[in-house]
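Visitor: The lines below spell out each chain.
Protein chains: 2
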Amino acid sequence: MTAAEAKRTARRRARRGGAGAGGGAEPNAHLRVPWITRRIPTYDLLDEESLVRIEQTADRILAEIGMEFREDAETVRLFREAGGEVRELSKDVWNIRFEPGMIREILRTAPSRFTQHARNPANSVEIGGDAVVFAPSYGSPFVMDLDRGRRYGTIEDFRNFVKLGQSSPWLHHSGGTICEPTDIPVNKRHLDMVYAHIRYSDRAFLGSITAPERAADSIEMCRILFGADFVDENCVIMGNFNTTSPLVLDGVTTAGIRTYAAAGQGSIHLPFLLGGAVSPLTMAGSVAQCLAESMTSCALTQLVRPGAPVVLASFQSTMSLRSGSPTFGTPEAALGSLVMGQLARRLNLPLRCAGNFTNSKLPDAQAMSQALMSMMSAVQCGANYILHSAGFLDGLLSMSYEKFVIDTDLCGALHAYMRGLDVSEDTLGFDALAELGPGQHLFSTAHTLRHYQTAYWDSALDDNQPWETWDEQGGSDMATRANKRWKKLLDEYEAPALDEGIDDGLKGFIAKRKEMMADAWY
Amino acid sequence: MTAAEAKRTARRRARRGGAGAGGGAEPNAHLRVPWITRRIPTYDLLDEESLVRIEQTADRILAEIGMEFREDAETVRLFREAGGEVRELSKDVWNIRFEPGMIREILRTAPSRFTQHARNPANSVEIGGDAVVFAPSYGSPFVMDLDRGRRYGTIEDFRNFVKLGQSSPWLHHSGGTICEPTDIPVNKRHLDMVYAHIRYSDRAFLGSITAPERAADSIEMCRILFGADFVDENCVIMGNFNTTSPLVLDGVTTAGIRTYAAAGQGSIHLPFLLGGAVSPLTMAGSVAQCLAESMTSCALTQLVRPGAPVVLASFQSTMSLRSGSPTFGTPEAALGSLVMGQLARRLNLPLRCAGNFTNSKLPDAQAMSQALMSMMSAVQCGANYILHSAGFLDGLLSMSYEKFVIDTDLCGALHAYMRGLDVSEDTLGFDALAELGPGQHLFSTAHTLRHYQTAYWDSALDDNQPWETWDEQGGSDMATRANKRWKKLLDEYEAPALDEGIDDGLKGFIAKRKEMMADAWY
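Those sequence lines, one after another, are chains Y and C. Sequential numbering of the first sequence, starting at 0, is according to numbering that gives the first Met the number 0. Sequential numbering of the second sequence, starting at 0, is according to numbering that gives the first Met the number 0.
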């Protein structure tokens, strides 16, 4: 053992012993779960009549305007066979219209809930129903931290974020393109990303969607990891696909969707809606369009392989009236998310929705004000898979180290929130008041001693000390504490064990695939 | 006109002209209201059975443990006459028990909704039902800003916060003890506080509750302002009273409550519950106790003057398991607030609940993360009067200039949130998509042009610009922008007109009252 390793081991022991030591003494231990079972009701914004009007508008969009498909004749063939009315607009561009109800009918074979398996079976997650899964943010080209500012993401950043995710008990899923590893050629980076998820995390993850062959590589790596038979029978990877709003599905996307579905793997179908730019400014219309696009994209999977796991998705953003920039974490988008939750349940499909969105360029008051506005809507609307739960800054352009740990801490608080309020003889605590009576503090009552370890969420980042103590300790803000924390977590990180034969198999596959292709940088 | 005045007038004109000029061009103009009419449903956490169990526990607390009353024989007499079972514990200390249902019966005469009149009739507010009123934070001994740090509050700070409140369209009420003006003797500061609310704001406000004669002074000043007859017939002032938890009402409090009620004025009845210290750690028990204490305190008003306006109240806080300090903006407290909303509606009483709570000592990420966790519960639970809507920092010990303007901006966003999501032919926006079809941006559609001024909340403090623009402009965080903003708002502030005769009357009353008393500093 090297000196550095010994130091690390000692730290780990100290950490595990923790304050109070003993099995259950770790703060928040009672809240740890592989995924959350939501025990709070959904917050249902709209009445039946309004929901029906939105659904009818979605149907009308598909029947009268239709969706445009590009450069994927096989997808067009599948939809034509299913009853879609196909018009060829030009070579490789088709408009397809669907009679009201047709898409819903196709979606009947999609599961309302499914398991995505992790390589550590204890970390497999449920997606759908009352299950809730938090995953890191996805797709930023830049990364940020307080020391080095904003810069392009690298594979080292990518690995760091996988490690930070793995080290947080409040995320359940390793995510996908946590940041773009821009130092790796575009046509090869998916191999390094999938490998990083497998090597540095033992949770479920997302694969590549940027080209059908990269989707296939991602799935092939899972066959090495899980065995081909297991992969054929079970969902072990998902792809996160974007429509090209308004109302377009390009061929790379539909071919990727078909690749995941054919392999029996999961897929998420997201219209990225920016009101006024690619969807109506008014949220009712944006939600109707979201439903139309996501349903249609989901339906493709069922034509390829009925029963393939599929996730409806919603990403509502708004627009700054001053600059035309997209805005995140706004009240209108939060309302849109609440409605999407209702619509997903009526379709009986799992939902991906919202996350800790913000436009802020720093982990400051704006960042968390917008983040909570957005995230509470995800939690309350009944979303099942909440991508962008950690790290989102700068309108999704930057992944922030500090915000990542601030967000995961919030995710911990949301574990407590989603447990709901338990009403029982014990929690009603009549005895606690009766024991000493009016005017007496309850610190020493049997009820307090029985509950004090589990009654309240204990944040790792909030400073809840008296002002004097806080001031004596340097008067830090949360961003500064977060900066220290991510460094400590990375320093203490331990990779989960991985079978050497599998590791060699993965490395061999990656080497072979990289050898086969010249580097491409676009 | 002095040079300074001329400069100020020019600034005002520029401001009013604003971007785009013209009547409705001011951002968010469509959201301005004297109070909010909530168009979103309440978020109902618990089922009927759980609510009944909480109510039964509250009844059992009052029947088997009882409330303790101190040093106010008149209040004891009133409750005895109403059927309370009185036991004298010692000289001036009584325990009173109430049969299940008795307190609810007494509360039947309390209005479910009432108007609190402002000196500017356009600013009168409704309290109860679907009406929602935001008021500044209340009761901090310290004030903070980024330039001068933490210090004791003064009457100058108090006036500044009244002015900042008045200048925000997103607050509806001037509040009460916005901060303690510690440079004025304790027995005289109520006169200066009430005068500041009257002079520097034309909204409704809260009066003194720290002694019955100070309550009487506050009401007397309203008689000078509104006329004695008007005050006798209408609610023009409210007192915000705290029980002494657990289960005690001291004589200063009950005498103050009787003073407001006898004058037909409003009162708010708040148990300040810190779980594990003065209420059970488990939230179900804390909520049951809150209901028992607040109901009983409210009931006193109806014994004094049936029909007196009264507000049930809830302030749930939790405890740091490490330090024993009270914690604010925690998930458990948010759940407690949601349940209090349900219980208040079942009692048919207006509710004061939560606010922008936090333990943070700076206007940072923690401040707004905790603030939103708390504030969203207030907005969603159906609370009617939300004190602590602006400025709350440092576990209520400090009033922050920066957080005040950050919070009022959030209050603006909540105006948009509480409008809900409108579903109509127009907002469904089918035409917006049909106009140009798939793949085409919607910037120029008739639908976009028709809605762009009113579709989205436009924050005065969020930086939603691209990173490059933000960076070029200095790369500020929200706290820094807030620091500039409160100074600008104070600089631009104009006092609303006040009749000179009334002003002289108030000044004369204050001078006379101050002359009658020696300074007291405790």
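It is worth saying that the hints were derived from the structure and are not from the lab. One or more of the hints may lead you astray.
[Stated by the list, open to error] Across the chosen pairs, the derived CB separations fall in these ranges: (1) Y:ARG304 / C:ASP430: 34 to 42 angstroms; (2) Y:ALA445 / C:THR468: 58 to 66 angstroms; (3) C:HIS29 / Y:PRO40: 30 to 38 angstroms; (4) C:ASP91 / Y:GLU467: 44 to 52 angstroms; (5) C:GLU48 / Y:GLU434: 53 to 61 angstroms.
Where is the CB? At the ideal position from N, CA and C, for every residue including glycine.
Visitor: Could you run down the list of hints and mark each one as holding or not?
Guide: Results for each hint:
Separation of ARG304 (chain Y) from ASP430 (chain C) is about 37 angstroms and conforms to the stated range, judged on CB atoms against 34 to 42 angstroms. The hint said 58 to 66 angstroms for the Cβ distance between ALA445 (chain Y) and THR468 (chain C), and at roughly 60 angstroms that hint holds. Judged by the Cβ atoms, the range 30 to 38 angstroms given for HIS29 (chain C) and PRO40 (chain Y) holds: they are separated by roughly 32 angstroms. Checking the proposed 44 to 52 angstroms range against ASP91 (chain C) and GLU467 (chain Y) shows it is violated: the Cβ atoms sit about 36 angstroms from each other.
Remark: the range hint 53 to 61 angstroms for GLU48 (chain C) to GLU434 (chain Y) is contradicted by a beta-carbon distance near 26 angstroms.
Hints 4 and 5 from the list above are not met by this structure, while the remaining hints are.
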